[in-house]
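Colleague: Taken in order, these protein sequences are the chains called A and B.
Residues in the first sequence are numbered from 97 upward in steps of one, following this note's numbering.
Residues in the second sequence are numbered from 228 upward in steps of one, following this note's numbering.
Honestly, the hints are just simulated from the structure, not real lab data.
Where is the CB? At the ideal position from N, CA and C, for every residue including glycine.
Hints may be right or wrong, so weigh each one.
[Claimed, not checked] The calculated label-pair distances, taken between Cβ atoms and stated as ranges, are:
hint, chain 1, residue 1, chain 2, residue 2, range
1, B, 374, A, 107, 46 to 54 Å
2, A, 254, B, 439, 19 to 27 Å
3, A, 98, B, 233, 33 to 41 Å
4, A, 265, B, 249, 31 to 39 Å
5, A, 98, B, 370, 51 to 59 Å
6, B, 393, A, 215, 45 to 53 Å
7, B, 393, A, 109, 15 to 23 Å
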Amino acid sequence: VQRDLVQAAQGGDHEAFEALVVGVADRLYAVARLILRDTDRAQDAVQETLVRSWRELPSLRDPDRFGAWLHRLLVNACADQGRRQRRWSAQVRVLHVEPHMDDGTRSVADRDQLERGFRRLKPELRTVVVLHHYLDLPASEIAEIMGTPEGTVRSRLHYAMEALRAALDADERATGLPDGRTA
Amino acid sequence: MTDRDRGDERVRAWLREESVGEIPDWLLDATLERTRVERQRRPSGSSRSGHAVRSPGPRPGGRVQMLTVMRAAAIVALVAVGANLAFTGQPGPLGGPSGPSQLVASPSAELVASPPAETVAPSAFTGAIAFGSCPVESTVEVESGVLRRRGPHYCLPTVKVPFSDPRLQGTYYVWTTNDTYAGGGPEIWHTGFTIVNEEGAWRGVPQVTFGGYATQVLVGDGAYAGLTAIADVTLEGDTWSWDGWIIPGDVPPAPEPPDIAG
Chain A
97 VQRDLVQAAQ GGDHEAFEAL VVGVADRLYA VARLILRDTD RAQDAVQETL VRSWRELPSL
157 RDPDRFGAWL HRLLVNACAD QGRRQRRWSA QVRVLHVEPH MDDGTRSVAD RDQLERGFRR
217 LKPELRTVVV LHHYLDLPAS EIAEIMGTPE GTVRSRLHYA MEALRAALDA DERATGLPDG
277 RTA
Chain B
228 MTDRDRGDER VRAWLREESV GEIPDWLLDA TLERTRVERQ RRPSGSSRSG HAVRSPGPRP
288 GGRVQMLTVM RAAAIVALVA VGANLAFTGQ PGPLGGPSGP SQLVASPSAE LVASPPAETV
348 APSAFTGAIA FGSCPVESTV EVESGVLRRR GPHYCLPTVK VPFSDPRLQG TYYVWTTNDT
408 YAGGGPEIWH TGFTIVNEEG AWRGVPQVTF GGYATQVLVG DGAYAGLTAI ADVTLEGDTW
468 SWDGWIIPGD VPPAPEPPDI AG
């Protein structure tokens, strides 16, 4: 069905494009928020992605690759947002982190450490983590999306996860409790 | 399960928690509104790249020019039908003295400048756009404590709140130069906007500002020839909020400086 919609949208059928967008917009928004850690910029990135996808859709050769192609546009839009953010303003707006219900397996401190550790990562490292651990994409597909060699993806992922584990370990050392559990 | 696996699982769980939330309806609506007026790029058989971003300059093709010619012809025809029908004591569009006596006093000059009576009513609009991406970036140099942003440059703002007047919907462009003075000095921007859609364009006249506020003037082109958009534009965070009018004709001419002896 998606292939049919993509082909129709490639031919200029805006209703088909709308159907495609409704099916993917929430996931794109989630990915952008995770990478950018900023709601406003995530909104800008998603809009830019969707507008560009409409414009460039006729140039997509394989309709079955629509998902990967769209993620590539999103990753580029997030990178643009990151660059523009540094260019226009030195002020970094922090995404408000809503308190979560404790599910009994992770503490607030655990999430806080992850948040801090994640923010410290460079955008390209965050992107690799989100694509692999949130979208469950293999390194080969991430490499295609990001336009980098697969080995680079693997090394970035390794480095990023080491940094996040170190952040969690630091939290555990601070609390003295295994796995970040609260008493 | 190893420590490494447990760490990975905690990262995965955290990402899932942090990703909760749907895209706002207004954002989806604004995006689809924008794509409705966007033209798709068709791959051509030439060697040109299909990924060049459309320039904010004059649009290729003769459609806009043809619309301009047709519009001008329509205005001339209406003028020929009768001047009195076009001006029946309507008040002036924006401020200043108005009234039938002044309009009738110089009919020939007024007739050429104004479209038909039923289309001349000023129309208010609002909307909001945010920075967006910048396909062509300016150069930045620091000289004597002043950061100077110069050169060919433009960005493609995204829509935060769709413009209430459909004539102002389309692809948005913003281009700037900027001087930022060190030591808490002013940050001075020279900013212009252009809006392009299927029917024509609104070409901005760049304005200087050192705060978050400016009055922007955009001159209509194509189907909007003979119209001007003027708006108070306020910058908050990364969003420009527009509150303005589309008016027939131009803004008032710059005043003549008084003859003041030094």
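Colleague: Residue 393 of chain B and residue 109 of chain A, beta-carbon distance inside 15 to 23 Å?
Modeller: Given about 21 Å between the Cβ atoms, the range holds.
Colleague: Can the suggested window of 51 to 59 Å be confirmed for the beta-carbon pair residue 98 of chain A and residue 370 of chain B?
Modeller: 53 Å, holds
Colleague: With 31 to 39 Å as the target window, see if residue 265 of chain A and residue 249 of chain B comply at their CB atoms.
Modeller: Holds: the Cβ-Cβ distance is about 34 Å, inside 31 to 39 Å.
Colleague: Return holds or violated for the Cβ distance of residue 374 of chain B and residue 107 of chain A against the range 46 to 54 Å.
Modeller: 47 Å, holds
Colleague: Confirm or reject the claim that residue 254 of chain A and residue 439 of chain B have a C-beta distance inside 19 to 27 Å.
Modeller: 44 Å, violated
Colleague: Range first: 33 to 41 Å. Now tell me if the beta carbons of residue 98 of chain A and residue 233 of chain B are that far apart.
Modeller: 36 Å, holds
Colleague: Lying within 45 to 53 Å: is that true of the beta-carbon distance residue 393 of chain B to residue 215 of chain A?
Modeller: 41 Å, violated
Comparing the model with each earlier hint shows violations of hints 2 and 6; every other hint is respected.
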